[in-house]
Amino acid sequence: MVSKRKSRTSKTIEDSCIHLCSVFFRFLYYTLPALFLFFFLLYLCLSFTTGISYNNFHMCIFSRKFNDPYCNTAGSKPGFQIISEENVTFAGEIAGDRVSKDHNKILNSVPVQEHKTKNKVDLNSLIELKAEEEYSKYIKPTSEDEGYALRAAIKYLYLQRSWLSPGDENLNKPRSCEGKGVYVYDLPSKFNSDLLVGCNDILPGVNLCSYFKNEGFGEAIKNLGKGWFATHMYSLEPILHSRVLKHPCRVYNETQAKLFFVPYYGGYDVLRWHYRNVSEDVKDRLGIEVLKWLNSKESWRRNAGKDHVFVLGKITWDFRRDKDPWGSRFLELQEMQNPTKLLIERQPWQVNDIAIPHPTYFHPRTDDDITRWQIKIMSKLRRNLVSFAGGARPDNPNNIRSTLIEQCISSNQCRFLNCTNESCTNPKNVLDLFQDSEFCLQPPGDSATRRSVFDSLISGCIPVIFTPYTAYYQYAWHLPEDHRKYSVYISEQDVKEKRVNVVEILKAKTLKEKKDMKSYIVQQLLPGLVYGDSNAKFEKFRDAFDITFDCLLKKINRSVV
1 MVSKRKSRTS
11 KTIEDSCIHL
21 CSVFFRFLYY
31 TLPALFLFFF
41 LLYLCLSFTT
51 GISYNNFHMC
61 IFSRKFNDPY
71 CNTAGSKPGF
81 QIISEENVTF
91 AGEIAGDRVS
101 KDHNKILNSV
111 PVQEHKTKNK
121 VDLNSLIELK
131 AEEEYSKYIK
141 PTSEDEGYAL
151 RAAIKYLYLQ
161 RSWLSPGDEN
171 LNKPRSCEGK
181 GVYVYDLPSK
191 FNSDLLVGCN
201 DILPGVNLCS
211 YFKNEGFGEA
221 IKNLGKGWFA
231 THMYSLEPIL
241 HSRVLKHPCR
251 VYNETQAKLF
261 FVPYYGGYDV
271 LRWHYRNVSE
281 DVKDRLGIEV
291 LKWLNSKESW
301 RRNAGKDHVF
311 VLGKITWDFR
321 RDKDPWGSRF
331 LELQEMQNPT
341 KLLIERQPWQ
351 VNDIAIPHPT
361 YFHPRTDDDI
371 TRWQIKIMSK
381 LRRNLVSFAG
391 GARPDNPNNI
401 RSTLIEQCIS
411 SNQCRFLNCT
421 NESCTNPKNV
431 LDLFQDSEFC
441 LQPPGDSATR
451 RSVFDSLISG
461 CIPVIFTPYT
471 AYYQYAWHLP
481 EDHRKYSVYI
491 SEQDVKEKRV
501 NVVEILKAKT
511 LKEKKDMKSY
521 IVQQLLPGLV
531 YGDSNAKFEK
541 FRDAFDITFD
551 CLLKKINRSV
561 V
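For the sequence shown, the residue numbers in UniProt numbering are 1 to 561.
Keep in mind that the hints are not guaranteed to be accurate.
Stated by the list, open to error - Keeping only pairs whose Cα atoms sit at most 30 angstroms apart, straight-line, the calculated DSS-like set for lysine-lysine is:
1) Lys540 - Lys226
2) Lys540 - Lys512
3) Lys140 - Lys509
4) Lys554 - Lys258
5) Lys485 - Lys376
6) Lys213 - Lys537
7) Lys496 - Lys140
8) Lys380 - Lys537
9) Lys380 - Lys540
10) Lys306 - Lys258
11) Lys512 - Lys376
12) Lys246 - Lys222
13) Lys540 - Lys222
14) Lys498 - Lys140
15) Lys222 - Lys518
16) Lys376 - Lys509
17) Lys140 - Lys518
18) Lys540 - Lys376
19) Lys537 - Lys518
20) Lys509 - Lys498
21) Lys226 - Lys515
22) Lys540 - Lys518
23) Lys140 - Lys537
Don't read these hints as lab results, they were simulated from the structure.
The whole structure should be built from the sequences, with the hints applied where relevant.
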């Protein structure tokens with residue numbers, strides 16, 4: 001009997017231990033993960049900081065917990081004010097949870113992530129090295145966050161350079177279209193040509209009709225010779241549309257296509273609402289409609305738009321509306337994260353934003369047209385050391401234009417063309433000035449980039465750049481990595497604080513330095529910066545269109561399996 005009682009007591013203790021252990025492990029299983037998640041999210045939220053990168057234009061939100069910053073802007077309209085930290089919001093509900101979801105989706109579409117891990121490590125090491133070089137040459141970040149934004153911009157720039165197609169060495173070889181089919185959608189006319197019908201009323205009080213002639217080149221400028229047109233700065237959409245319709249690799253069967261071109265004139269769509277008091281729904285309507293139209297196509301759904309290309313002939317910020325009512329939110333829509341977007345100014349933190357040259361006034365048809373122009377400007381006598389064509393920005397105290405104008409007019413070696421009195425609306429005035437000058441000042445205006453940079457380059461005038469966001473962090477396919485070959489950099493901050501005199505710096509450039517830069521610009525860069533007309537036949541050269549579409553095909557071949 002004694003032994004039995006002891007056995008029952010032992011069993012009772014054992015059962016109690018098992019019960020207590022069960023309760024303890026259930027506590028660990030259900031409670032600790034929730035506590036861990038709570039403290040992790042709390043830490044993550046506290047790790048967010050905000051910072052300004054290129055403080056005239058972009059607001060970025062950073063966290064070391066994510067690979068990249070998310071950057072917003074208030075747009076590029078005159079009188080733009082920097083968004084304050086407390087006013088930062090993410091643009092649009094369709095874009096979703098910006099930092100944690102949308103940006104990761106963008107990163108997942110980056111071709112480098114489809115490469116082997118070794119390539120990713122090598123690229124990241126290269127980016128770190130290049131970032132340090134950029135700090136010493138151009139930007140000295142005032143905070144860790146600004147440095148982080150710069151690294152992200154450099155990362156995407158190098159990814160885009162990795163899609164560069166072979167250069168002039170392959171021009172004389174037969175070109176094959178195998179695996180390079182280009183399909184052009186036949187969109188309803190409301191998405192393109194109908195937007196040009198009211199050309200006299202797109203901008204209130206401004207008649208743009210003459211600019212839409214000759215497939216978007218505008219009216220011919222007869223006193224400048226063959227191939228010269230009064231081309232509007234926002235004419236990229238019809239120009240590229242007319243060229244791609246005659247692309248040598250164009251196909252008419254969707255199943256044979258590698259690249260799909262969407263001829264939606266989004267730039268003209270958004271331009272017509274800039275100075276009109278309309279609702280945001282009106283501004284966004286046509287862009288949403290074109291995406292609905294595309295979503296009905298199997299060719300779009302098959303790769304979620306990764307093999308599709310849009311041309312938007314304005315700056316990226318006009319399609320990234322945030323708190324400010326300026327522009328549309330077309331590029332913030334979730335459906336627009338995968339396609340490639342060709343713009344005259346890209347968002348430096350969006351790998352699928354590709355910046356290509358602003359249209360200039362020169363549109364050659366043959367190699368001889370280019371060669372004749374090269375010979376002419378190489379032999380041109382330049383009487384001005386420096387010139388500046390532009391206007392002051394008195395309502396923007398951060399802009400350096402007033403300081404540059406003051407330094408220019410006080411020197412007998414600098415010529416100023418005041419664009420506020422409409423002198424620059426005559427293309428000949430600008431081109432004559434640039435052909436007569438060795439250096440052309442190119443400060444930012446309403447946005448970082450300037451069409452004038454390309455007008456100066458095709459005139460053989462060496463551009464003077466004041467922020468790398470004007471050119472160096474933009475045109476990865478058309479301008480070389482070594483900026484010293486074609487430009488002079490002077491810190492915008494140094495000019496703003498009047499620590500330097502720009503004219504005096506340029507006076508110190510040697511004859512050899514100027515000759516080498518000018519020769520490189522004219523002989524190497526110029527052909528690839530102009531858009532030939534739709535019947536152009538180039539054998540010796542590749543123009544800006546050829547370079548763009550060769551690179552696009554290489555990009556898409558890498559990103560779409």
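Evaluated hints:
no., hint, verdict
1, Lys540 - Lys226, "holds, 19 angstroms"
2, Lys540 - Lys512, "holds, 28 angstroms"
3, Lys140 - Lys509, "holds, 24 angstroms"
4, Lys554 - Lys258, "holds, 10 angstroms"
5, Lys485 - Lys376, "holds, 21 angstroms"
6, Lys213 - Lys537, "holds, 21 angstroms"
7, Lys496 - Lys140, "holds, 15 angstroms"
8, Lys380 - Lys537, "holds, 27 angstroms"
9, Lys380 - Lys540, "holds, 23 angstroms"
10, Lys306 - Lys258, "holds, 10 angstroms"
11, Lys512 - Lys376, "holds, 20 angstroms"
12, Lys246 - Lys222, "holds, 26 angstroms"
13, Lys540 - Lys222, "holds, 26 angstroms"
14, Lys498 - Lys140, "holds, 17 angstroms"
15, Lys222 - Lys518, "holds, 27 angstroms"
16, Lys376 - Lys509, "holds, 23 angstroms"
17, Lys140 - Lys518, "holds, 29 angstroms"
18, Lys540 - Lys376, "holds, 18 angstroms"
19, Lys537 - Lys518, "holds, 26 angstroms"
20, Lys509 - Lys498, "holds, 20 angstroms"
21, Lys226 - Lys515, "holds, 27 angstroms"
22, Lys540 - Lys518, "holds, 20 angstroms"
23, Lys140 - Lys537, "violated, 45 angstroms"
The structure shown violates just one earlier hint, number 23.
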